[in-house]
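Each chain, letter by letter, is given below.
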Amino acid sequence: MKRAFTIFSLVTAILLVYGLYQALVAAPTERTMGDVQRIFYYHVPSAWTAFCLFFTNLIASIVYLATKKIKADALAVASAEVGVVFCTIVLVTGPIWARPVWGIWWTWDVRLTTTLVLWLIYVAYLVLRRFSDTAQTPILAAVLSIFGALDVPLVYFSIWFFRTQHPQPVMGKGGSLDPRMLHAFLINLLAFTCFGIMVCWARYRLEMLHREVEEAHAMESLGTSSSNEASLPLSRSSR
Amino acid sequence: MTESRNSLWSLAVATLVKDIRLEWRSKDALNAMLFFSLLVVVIFSFSFDPNAEESRQIAGGLIWVAFLFSSIVALNQTWARELRNQVLDAYRVSPAPANSLFLAKAIGNFLFVLILEAVMTPLFIVFYNLRALGPAWQLIPVGILGTWALVVNGTFFAALSLRTRSREIMLPLLLFPISIPAIQGMVEATRIILSADGSARFWIVLLLTYDVVFTTACLGLFGTILQAE
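From first to last, the protein sequence lines are chains A and F. Here the first sequence stands for residues -14 to 224, where the numbers follow the numbering used here. Here the second sequence stands for residues 3 to 231, where the numbers follow the numbering used here.
Derived from the structure by calculation, the hints contain no laboratory data. For every residue, glycine included, the Cβ atom is placed at its ideal position computed from N, Cα and C. Incorrect hints may appear among the rest.
[Claimed, not checked] Okay, the calculated bits of chain A under chain F, using three or more residues with CB under 8 angstroms as the criterion:
hint : region
1    : 26 to 40
2    : 131 to 143
3    : 171 to 178
[Said to hold, decoys possible] Ranges of calculated distance between the beta carbons of each label pair, as one might list FRET restraints:
hint : chain 1 : residue 1 : chain 2 : residue 2 : range
4    : A       : Lys53     : F       : Asp199    : 35 to 41 angstroms
5    : F       : Asp199    : A       : Val21     : 54 to 60 angstroms
6    : F       : Thr123    : A       : Trp90     : 43 to 49 angstroms
7    : F       : Gly200    : A       : Val2      : 51 to 57 angstroms
8    : F       : Val15     : A       : Ile89     : 34 to 40 angstroms
9    : A       : Phe40     : F       : Arg86     : 38 to 44 angstroms
10   : F       : Phe37     : A       : Ala51     : 58 to 64 angstroms
11   : A       : Met193    : F       : Asp91     : 37 to 43 angstroms
12   : F       : Glu170    : A       : Leu135    : 23 to 29 angstroms
13   : F       : Val121    : A       : Trp91     : 50 to 56 angstroms
14   : F       : Tyr93     : A       : Ile89     : 33 to 39 angstroms
15   : A       : Met193    : F       : Arg86     : 36 to 42 angstroms
16   : A       : Lys54     : F       : Ser201    : 58 to 64 angstroms
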């Protein structure tokens, strides 16, 4: 398990370096937008990774409600936290690109708004997990995740209808995509997906270890596990 | 089947009658809500000071934000009452279906918020000199669907945040993000009807969809929340 993680991290690091070279050096400069277009190689892969992680969170939540397996809940925590980080990257890089290209930082376009609402829902999810430290927290969080998933299509449709009545900035790229751009984009998509999986994996292992430590402390305070006392860490992580 | 449905409704009605009687005697939630939304209305009118045309454009937003904020007051009280004397624990171990409790609480909150709206809407009309240019009767389905949209999820999330620390803050943090499409539906429908700017049909259908989806989800998952141990 540990070796697999090390190998996977190495592959991810190589992919990220190669992707960085491809995005900043190898890919040609876009004709009308200039160098700022290169943010696209980070923005879109981050969005893709964030959505994949949120989807993982939903699946893990449903599995947890059905089976009550701790592993599913740990995966739900890990994917939600890492997903929020990637979603934040999307929401920060978007305006940096939009300002020079569209002339505005933000618009209530359907994709932007849906991403923002998704981010808000998952921040609420993390707040719920942080504010509640009883044994029921995983169940409550899983239920909230399902509510969030039901909400997102409704947000999408309402904004879509709302904004199609108004003119909006054009998202699509006119003309054909240079193959080198496509290459750089696909490499970065792969690299970011691997990066997301790697961080999520690390967070998942941390969460499992954290629970083992908590369990061991609980057992210790009950006085049932005096034999492996020495193997326990001295301080609990502060939460 | 009929037996269980009967017991579901009779239990729901019993709990609802009990809640209404309690509220009638104390009037805690209603008074707090009314005064709170009155304050919101007054503060909004100081902050914006619109003319008649601007009022029509922004009144939908103001009125629903005021109702949203003040319904939080009632929603937070929903379950707090049942925590005293371990009523909720007693309910949990009893064979009564969880959904009858949920329905009673949701309908109770729905009635309280409807009363609030019935009192506050005339005040809004007076303060903002509102006159609907579109079909005003459509405001009734918008009001009913919108209120249910707020209340059904609000009751559910109030139950969900019962066991968290500082639960009174948790409720809006959970409810507001999920309510965004519903709020947009209410506000847009109200604005369109007030200013006769096209048809509000899409938004009414959106609200109806939202209500159906989340009522189903709440009824499906409330047992899990109540029994979560």
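Against the structure, the hints come out as follows:
1. 26 to 40: It is violated: at least three residues are needed, and the region 26 to 40 of chain A offers just 0 whose Cβ sits closer than 8 angstroms to chain F.
2. 131 to 143: Satisfied; 9 residues make the cut.
3. 171 to 178: The restraint on the region 171 to 178 of chain A is violated, since only 0 of its residues have a Cβ under 8 angstroms from chain F and three are required.
4. Lys53(A) / Asp199(F): 35 to 41 angstroms: Between Lys53(A) and Asp199(F), where Cβ atoms are some 51 angstroms apart, the hint is violated.
5. Asp199(F) / Val21(A): 54 to 60 angstroms: violated (37 angstroms)
6. Thr123(F) / Trp90(A): 43 to 49 angstroms: Given about 37 angstroms between the Cβ atoms, the range is violated.
7. Gly200(F) / Val2(A): 51 to 57 angstroms: The hint (51 to 57 angstroms, Cβ to Cβ) holds, given that Gly200(F) and Val2(A) are roughly 54 angstroms apart.
8. Val15(F) / Ile89(A): 34 to 40 angstroms: The hint (34 to 40 angstroms, Cβ to Cβ) is violated, given that Val15(F) and Ile89(A) are roughly 54 angstroms apart.
9. Phe40(A) / Arg86(F): 38 to 44 angstroms: holds (41 angstroms)
10. Phe37(F) / Ala51(A): 58 to 64 angstroms: Given range 58 to 64 angstroms: violated, Cβ gap about 46 angstroms.
11. Met193(A) / Asp91(F): 37 to 43 angstroms: For Met193(A) and Asp91(F) the Cβ distance comes to about 32 angstroms; the hint is violated.
12. Glu170(F) / Leu135(A): 23 to 29 angstroms: Taking Cβ atoms as reference, Glu170(F) and Leu135(A) lie about 25 angstroms apart, which means the hint holds.
13. Val121(F) / Trp91(A): 50 to 56 angstroms: This hint is violated: roughly 38 angstroms between Cβ atoms.
14. Tyr93(F) / Ile89(A): 33 to 39 angstroms: violated (53 angstroms)
15. Met193(A) / Arg86(F): 36 to 42 angstroms: For Arg86(F) against Met193(A), whose Cβ atoms are near 39 angstroms apart, the range 36 to 42 angstroms holds.
16. Lys54(A) / Ser201(F): 58 to 64 angstroms: violated (49 angstroms)
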